Each structure stands twice: as structure tokens, then as C-alpha cells.
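Kindly generate the complete structure, drawing on both the sequences and the hints.
Line order of the protein sequences matches chains A and B.
Everything in the first sequence is counted per this note's numbering, starting at 1 for the first residue and increasing by one.
Everything in the second sequence is counted per this note's numbering, starting at 141 for the first residue and increasing by one.
Derived from the structure by calculation, the hints contain no laboratory data.
Here the structure is a predicted model, which is why all the values come from computation and not from measurement.
The beta carbon of each residue, even a glycine, is placed where N, CA and C say it ideally should be.
A couple of the hints might just be wrong.
[Claimed, not checked] DEER-style ranges, computed between Cβ atoms:
1. T125(A) - A169(B): 37 to 47 angstroms
2. G403(B) - S105(A): 17 to 27 angstroms
3. A287(B) - L109(A): 52 to 62 angstroms
4. R324(B) - G100(A): 44 to 54 angstroms
5. R407(B) - S105(A): 19 to 29 angstroms
6. A287(B) - S105(A): 54 to 64 angstroms
7. A108(A) - R324(B): 33 to 43 angstroms
[Unchecked claim] Partial list, computed: chain A residues near chain B (C-beta under 7 angstroms):
8. A26
9. A127
10. P128
11. T130
12. Q131
13. A132
14. S133
15. T134
16. A136
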Amino acid sequence: MTTDRKPAHLAVALGLTTGVYAASLAAVTSLQASHDRAAAAGRSPVSAAVGALGDANDRLSGGIEASVAGYEAAAAGYRALTDDLAALEEGLADLGGAVGAVRGSMAALPSRVALPAVGRATSRTAAPSTQASTGASGGP
Amino acid sequence: MASPLRLQVHGAPAAAAEDGWARVVESFAAAEGALSRFRDDSDLTRLNRAAGSGMVVPAGEHLYRAISTADRARRVTDGRFDARVLVDLERLGDPGAPLPPGPLAAAPGPGGIVRRPRQRAIGLDRPHDLGGIGKGLALRWAWRRLAPLQAVASGVLLEAGGDLVAGGAPVGEPTWSVGIEDPRGGDEPLGVIAVRDGAVCTSSVARRAWRAPDGRPVHHLVDPRSGESGGDGLLAVTVAGPDPAWAEVWSKALFLAGSRAIGDLARARGLAAWWVEVDGTLRMTPAARSRTAWLAE
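Here's what the structure looks like:
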């Protein structure tokens with residue numbers, strides 16, 4: 001007589017194996033998550049420092065850009081001043097030439113000018129009345 | 141000083157004018173008693189008698205201020221004005237109250253003056269003649285005492301022997317009209333100055349001129365640099381300014397510059413100055429021209 005035996009032990013073994021595997025996987029996953037959390041907590045100050053460094057870099061870049069703009073403005077002002085000084089020098093040179101011309105004209109003028117005799121046409125005005133006079137004092 | 145005084149008041153009650161006159165007389169008497177080198181009992185004579193002895197003696201308020209102002213005037217005028225000319229004046233024949241004879245020792249201090257402000261005490265190396273500034277100071281002090289009168293009058297003018305200080309103007313007039321006397325004589329002025337608020341002082345050799353013991357003609361304006369009468373080529377110098385003491389100082393200093401240097405000096409200082417040269421010609425600075433109302437032809 002032949003008895004059909006169902007392979008129940010295989011199913012049990014497979015179930016047990018699967019359960020062990022699942023438990024092991026859960027434990028490993030838990031350990032991995034815990035490790036990840038610790039690593040993230042350890043990296044947090046470094047991230048903050050990196051962020052601050054980035055901000056400082058941004059500010060430095062802005063300052064450099066402002067300095068460049070100021071330098072360019074100063075350079076433009078200096079160029080304008082140079083142009084003005086050049087114009088002033090030209091004006092002084094013109095003035096020097098004019099002064100020289102006046103000196104030459106002065107040298108050419110006669111030291112004395114003979115005026116024609118003019119008859120006295122105005123009447124002599126009398127001194128206006130005064131309230132006081134200033135002059136020598138008689139006392140010591 | 142011994143100068144004739146005259147006070148003109150316009151547009152004020154008679155009582156105020158009389159009060160002002162009393163103040164003027166009192167003020168000038170006090171100045172005379174302090175600053176005269178001719179009075180035997182003046183503060184200046186007492187101080188001069190201690191000059192050169194090294195003594196520092198108490199001085200009254202007027203004398204202390206006058207010596208201080210004269211010392212400042214000497215510095216401001218680069219030594220053209222110097223009150224330490226009394227010895228030279230007496231040598232030339234213009235004596236004051238008697239002073240003790242003997243050599244004069246120099247005392248330490250700027251200008252030969254030792255000042256003790258807290259004690260109002262002064263020591264001099266040489267006797268001082270405050271005639272070149274005393275009248276101007278007396279006018280300044282009297283003018284300050286006339287402040288109540290000036291507040292109620294339209295015009296006040298105070299004269300002391302050819303120098304004057306004025307405020308306001310006569311009723312109906314824009315300014316006071318002050319004639320510049322001709323130092324050669326004559327009734328008509330050489331010019332007329334318009335004065336509203338300020339002083340006018342003149343240094344002239346028309347009077348107080350005499351012959352020195354050796355017969356030379358000299359006058360009272362002594363150049364401190366030479367010890368002799370100065371002002372070559374000039375007969376009179378008039379200066380107008382805000383303060384009578386400084387107007388008098390500058391009239392002396394400009395006179396002693398002489399006819400060659402007076403124009404440049406007066407213009408450089410920005411002074412309103414008129415001067416009469418020995419031939420009677422009246423000249424003036426630009427600042428003076430703007431104040432000149434009339435000129436003789």
C-alpha cells in the first residue's frame with residue numbers, strides 16, 4: 001500500500017527560512033537607518049559651515065564688484081580731471097600770452113602824455129558846512 | 141592831553157545832553173589824572189619815576205590799560221608807534237613833570253614792560269609818553285559812558301582837540317560832516333569827510349613845533365627808530381576808523397612813515413587815511429576816497 005505523503009516539512013522549512021530572512025532583513029534595515037541617522041547628525045555642523053562659507057563668498061563677491069565699480073568711477077573722474085587740467089593749462093598759456101602782449105603794449109606807451117591846455121570851465125564850489133573839524137591839537 | 145572838549149547832541153532831551161556832558165568831563169578828568177606826563181601827581185608820572193629801577197609798582201585801571209594798549213600798538217605797527225620816546229622828547233626840548241636823573245636799566249619782559257595783571261602792577265624800562273594814544277583812549281572811555289545818551293539821540297559827536305568820535309547823524313542829515321584842517325593855516329578845509337559811526341584823528345605838526353636846544357626845528361612826533369622828529373615830507377595825517385585810540389595810533393604811525401612810504405603802508409593796512417604833504421597837496425587812500433564828501437580845488 002502506497003501512502004501519498006504531502007511534503008509539509010518543505011513548506012514549514014520554506015516558511016521558517018523566509019521568516020528568518022525577513023527578520024534579518026528588518027534588522028539590517030533598522031541598523032542601516034540608525035547608522036544613516038547618526039551620519040546625518042554628524043554632518044549637520046559641516047553643512048551649516050559650508051552654508052555660511054557660501055554666504056561669505058557671496059558677500060565678498062559683491063564687495064569686489066562694488067570696488068570694481070568704484071575704481072571705474074574714480075578712473076573716469078581722473079580722466080575728466082586730467083581733461084580739465086589740460087584745458088586750464090591751455091587757458092593759462094593763453095593768459096600768459098595776453099599778459100606778455102599787455103606788457104609789450106605798456107612798454108610801448110609814452111611815459112608822459114602832453115595834454116592840450118584846457119580853459120577853466122567849472123566854477124569853484126565852496127566848502128560845505130561842517131559840524132566839526134579834525135586837525136592839530138593845541139594842548140600838550 | 142589838556143584838549144578842549146566839545147559835545148554835540150542832536151535829537152535828544154536837554155537833560156540827557158547835560159548828563160552826557162557831565163559824564164564826558166568826569167571821564168576826561170580821570171584819564172588826565174592817570175595818563176598825563178605833565179602833571180606831577182598823575183599815575184603815569186609816578187610810574188615813570190620808577191622806570192629803570194626794576195620796581196613793579198601798582199597802576200590804576202586807566203594807566204594799566206593804556207600801557208597795555210600802547211605796547212600792543214607798538215607790536216601792531218612794527219615799532220613805528222612807541223610810547224617809550226619820553227627821553228627823546230625831553231632831550232629835544234619838550235619836558236614834562238620832572239623825572240629823576242640817572243642811567244636807565246633795562247627791565248625784563250616784552251617791550252621792556254613787566255605786567256602783573258592780578259595786582260594791576262607795571263614795571264617799565266624807560267619812561268613812557270602816552271600823548272600819542274592817551275587822547276584816543278580818553279575819547280574811547282568817554283564814548284562808552286555816553287551810551288545812554290546815544291540811545292536817545294539821533295546824533296552825538298564828541299571832540300577833543302582835533303580828534304573826534306561820532307555816532308548817528310544830525311537831524312535831517314545823512315552823516316556828520318568833518319572838515320580836514322589845512323595845517324598851513326586858513327579857514328577853509330582841505331576836504332570834508334562824511335562820518336556816521338566812527339572816529340577821526342589827526343596827527344599834525346601845525347602846532348607843538350619848536351626849536352631844539354641846538355637850534356634845529358623839531359616837533360612832537362618823534363620817530364622811535366631814530367629818536368628824532370619824523371615824518372619827512374608830511375604836515376598832517378588823518379585816519380578814520382571805528383575806534384579813536386587806534387585811529388590816533390595809526391595817524392602817528394603813518395605820519396612817521398614819511399611821504400614816501402605812507403601810501404603803501406596805509407593801503408596795505410586797508411586804512412582810510414588822508415595826508416597833507418609839505419606843499420599842501422592832500423592825498424588819500426581808496427578807503428578814504430569813499431568817505432570823502434568834498435575836496436578843495
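Verification of the hints:
no.	hint	result
1	T125(A) - A169(B): 37 to 47 angstroms	holds, 42 angstroms
2	G403(B) - S105(A): 17 to 27 angstroms	holds, 26 angstroms
3	A287(B) - L109(A): 52 to 62 angstroms	holds, 56 angstroms
4	R324(B) - G100(A): 44 to 54 angstroms	holds, 47 angstroms
5	R407(B) - S105(A): 19 to 29 angstroms	holds, 26 angstroms
6	A287(B) - S105(A): 54 to 64 angstroms	holds, 57 angstroms
7	A108(A) - R324(B): 33 to 43 angstroms	holds, 41 angstroms
8	A26	violated, 105 angstroms
9	A127	holds, 5 angstroms
10	P128	holds, 5 angstroms
11	T130	holds, 4 angstroms
12	Q131	holds, 5 angstroms
13	A132	holds, 5 angstroms
14	S133	holds, 4 angstroms
15	T134	holds, 4 angstroms
16	A136	holds, 4 angstroms
The structure shown violates just one earlier hint, number 8.
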